[in-house]
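Here our numbering = 1-based position in the first sequence + 4.
Keep in mind that the hints are not guaranteed to be accurate.
Stated by the list, open to error - Below, in silico cross-link-like pairs of lysine to aspartate or glutamate (EDC-like), each with a Cα-Cα straight-line distance of 20 Å or less: (1) K407 with E395; (2) K309 with E296; (3) K309 with D339; (4) K468 with E395; (5) K417 with E490; (6) K261 with E290; (7) K468 with E490; (8) K388 with D465; (9) K354 with D392; (10) K536 with D455; (11) K388 with E441; (12) K468 with D455; (13) K403 with E438; (14) K16 with E52; (15) K428 with E441; (16) K417 with E402; (17) K255 with E226; (18) K255 with D203; (19) K255 with E290; (20) K417 with E157; (21) K417 with E153; (22) K446 with E415; (23) K354 with D339; (24) K388 with E438; (25) K288 with E326; (26) K300 with D325; (27) K300 with D339; (28) K309 with E360; (29) K407 with D236; (30) K398 with E360; (31) K351 with E490; (32) K300 with E272.
What the hints assert, rightly or not - Using C-beta positions, here's what the derived DEER-type ranges look like: (33) V420 with G266: 36 to 42 Å; (34) G223 with P431: 45 to 51 Å; (35) L332 with Q372: 52 to 58 Å; (36) R540 with V48: 41 to 47 Å; (37) P335 with P489: 39 to 45 Å; (38) M161 with D541: 41 to 47 Å; (39) K354 with L488: 34 to 40 Å; (40) E364 with R163: 50 to 56 Å.
Rather than coming from a laboratory, the hints here were simulated on the basis of the structure. Glycine is no exception: its CB is placed at the ideal position from the N, C-alpha and C atoms.
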Amino acid sequence: MSWNILIGGYIKNGDLESARKLFDEMPTRNVATWNAMVAGLTNVGLDEDSLGFFLAMRREGMHPDEFGLGSVFRCCAGLADVVSGRQVHAYVVRCGMDTDMCVGNSLAHMYMRCRRLAEGEAVLHALPSLTVVSFNTTIAGRTQHGDSEGALEYFSMMRGVGLAADVVTFVSVITCCSDLAALAQGQQVHAQVIKSGVDKVVPVITSLVHMYSRCGCLGDSERVYSGYCGSDLFLLSAMISACGFHGQGRKAVELFKQMMNGGAEPNEVTFLALLYACSHSGLKEEGLEFFELMTKTYGLQPSVKHYTCIVDLLGRSGCLDEAEALILSMPVRADGIIWKTLLSACKTQKNFDMAERIAERVIEFDPQDSAPYVLLSNIRATSKRWGDVSELRKNMREKSVRKEPGVSWVELKGQVHQFCTGDKSHPRQGEIIEYLEEMMAKIRQCGYAPDMSMVFHDMEDEEKEVSLTHHSEKLAIAFAFLSLPEGVPIRVMKNLRVCDDCHVAIKLMSQVTGREIVVRDVSRFHHFRDGKCSCRDYW
DNA sequence: ATAGGGTTAG
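Work the whole structure out from these sequences, hints included.
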């Protein structure tokens, strides 16, 4: 019997060979022996081997019990292998173990990981009772499928039935708040975390660092981070990523160096966060050095995501040919995103010929993506090639490619106010437009000229100007100015990238009002203050 | 011996 424990110990220490050897040499293997192998392998992430052992166990006529079943569902979840998962589910039902809490919860988790949310929830509802774990499974499952609002509903349901949140609940709920950039909610949960006495738990701190960063409060991320004295790779990567997200590349580099001096081993994620921070802060040389460090010194294999960071870094620094050569020569397969990154760089660098060429590649990867069309339209409009602009639009119409609508939102007293471009539905619409028109007049005196190339649809210049004024981010900012007390920074979120014209306008708005304006883009934060932006026009 | 959670390009 102690052999089973020995097997578990070997696997835990990464000594798979000894574990296997022992397993093969044992005179008798009972269910617990098999369980130890299956559980041990999935615990160290070797899900395929784990599943293999489970299947071999069945072939030998062993009847897996609830312990082994829990593990095998975890490994199907890891592999996102719903086919095997369903087969084991059928077995579980046959032997009546589907009402076991642990089996049921891991089964539900497996379905959710395989994107079968409804099936997972059905399993949970069939259980004899709902526990914290069941709620946590649903909350995390919903967040991972982009339904953080639904996840938060489950969180309040959970409190409604009198169940107390535990560490896992907190981490999941804080992650929901990051997704929704719901600062007020996040702060409330942080307060509950402190009250429950789990504010020193590392995953909790990690999720808080991430949440504050995504909500635009880098200072709070740093405060939470500095409350922890040890060294943890997840936490450090989260903090580096937070710095990068806010254009604080130097800080990110400092953190990374401290970490290396402390002897910690960075992994792929750490490097991704670091490279991202470098590219978004214009730290070209550093970024390239870190890329080399990653591959040469640490022997890590860069993924297409790492290459995308480097392409971004080179592109933003004006080395477009080098960036293209890298995509063509890298050992991993290029995707549409990496070409799109190069395309954006062509636009920023005003290399219009190259942009036309690269756009074709992007369209090949995803013909329904409107981004390359919109970008080309802006570029052609900049050179006043109106005929080419309308041809492009015709092309889009024929392929029924639709431009994703811009949406911006502001949180006010815990309520979210949302604005679409050209939106006229807000109750304070009249005031908002009036405010914007006055503001536009003021910033014109500081040199603002509307950038008509940012208008996507064909219309008269005067109309174009109005249409620019009604961009969702401008509407949201105007509403915030009208609603927030003097001196409070304005925080706006947007689903797409901030438009070029809005970026110029917001800089000047921060100058003439003396107000700090923070805009969260689809990829980063822009802190506008005194006519400047933290992205240094480098986004 | 068994269940749920943290960082990740555009």
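Hints, one by one, checked against the model:
{"no.": "1", "hint": "K407 with E395", "result": "holds (16 Å)"}
{"no.": "2", "hint": "K309 with E296", "result": "holds (15 Å)"}
{"no.": "3", "hint": "K309 with D339", "result": "holds (10 Å)"}
{"no.": "4", "hint": "K468 with E395", "result": "holds (19 Å)"}
{"no.": "5", "hint": "K417 with E490", "result": "holds (15 Å)"}
{"no.": "6", "hint": "K261 with E290", "result": "holds (12 Å)"}
{"no.": "7", "hint": "K468 with E490", "result": "violated (32 Å)"}
{"no.": "8", "hint": "K388 with D465", "result": "holds (13 Å)"}
{"no.": "9", "hint": "K354 with D392", "result": "holds (17 Å)"}
{"no.": "10", "hint": "K536 with D455", "result": "holds (18 Å)"}
{"no.": "11", "hint": "K388 with E441", "result": "violated (26 Å)"}
{"no.": "12", "hint": "K468 with D455", "result": "holds (9 Å)"}
{"no.": "13", "hint": "K403 with E438", "result": "violated (38 Å)"}
{"no.": "14", "hint": "K16 with E52", "result": "holds (17 Å)"}
{"no.": "15", "hint": "K428 with E441", "result": "holds (15 Å)"}
{"no.": "16", "hint": "K417 with E402", "result": "violated (45 Å)"}
{"no.": "17", "hint": "K255 with E226", "result": "holds (11 Å)"}
{"no.": "18", "hint": "K255 with D203", "result": "violated (24 Å)"}
{"no.": "19", "hint": "K255 with E290", "result": "holds (13 Å)"}
{"no.": "20", "hint": "K417 with E157", "result": "holds (19 Å)"}
{"no.": "21", "hint": "K417 with E153", "result": "holds (17 Å)"}
{"no.": "22", "hint": "K446 with E415", "result": "violated (26 Å)"}
{"no.": "23", "hint": "K354 with D339", "result": "violated (23 Å)"}
{"no.": "24", "hint": "K388 with E438", "result": "violated (31 Å)"}
{"no.": "25", "hint": "K288 with E326", "result": "holds (13 Å)"}
{"no.": "26", "hint": "K300 with D325", "result": "violated (24 Å)"}
{"no.": "27", "hint": "K300 with D339", "result": "violated (24 Å)"}
{"no.": "28", "hint": "K309 with E360", "result": "violated (24 Å)"}
{"no.": "29", "hint": "K407 with D236", "result": "violated (42 Å)"}
{"no.": "30", "hint": "K398 with E360", "result": "holds (17 Å)"}
{"no.": "31", "hint": "K351 with E490", "result": "violated (37 Å)"}
{"no.": "32", "hint": "K300 with E272", "result": "holds (13 Å)"}
{"no.": "33", "hint": "V420 with G266: 36 to 42 Å", "result": "holds (41 Å)"}
{"no.": "34", "hint": "G223 with P431: 45 to 51 Å", "result": "violated (33 Å)"}
{"no.": "35", "hint": "L332 with Q372: 52 to 58 Å", "result": "violated (25 Å)"}
{"no.": "36", "hint": "R540 with V48: 41 to 47 Å", "result": "holds (44 Å)"}
{"no.": "37", "hint": "P335 with P489: 39 to 45 Å", "result": "violated (55 Å)"}
{"no.": "38", "hint": "M161 with D541: 41 to 47 Å", "result": "holds (46 Å)"}
{"no.": "39", "hint": "K354 with L488: 34 to 40 Å", "result": "holds (37 Å)"}
{"no.": "40", "hint": "E364 with R163: 50 to 56 Å", "result": "holds (53 Å)"}
When the structure is compared with the earlier hints, violations turn up for hints 7, 11, 13, 16, 18, 22, 23, 24, 26, 27, 28, 29, 31, 34, 35, 37 and for no others.
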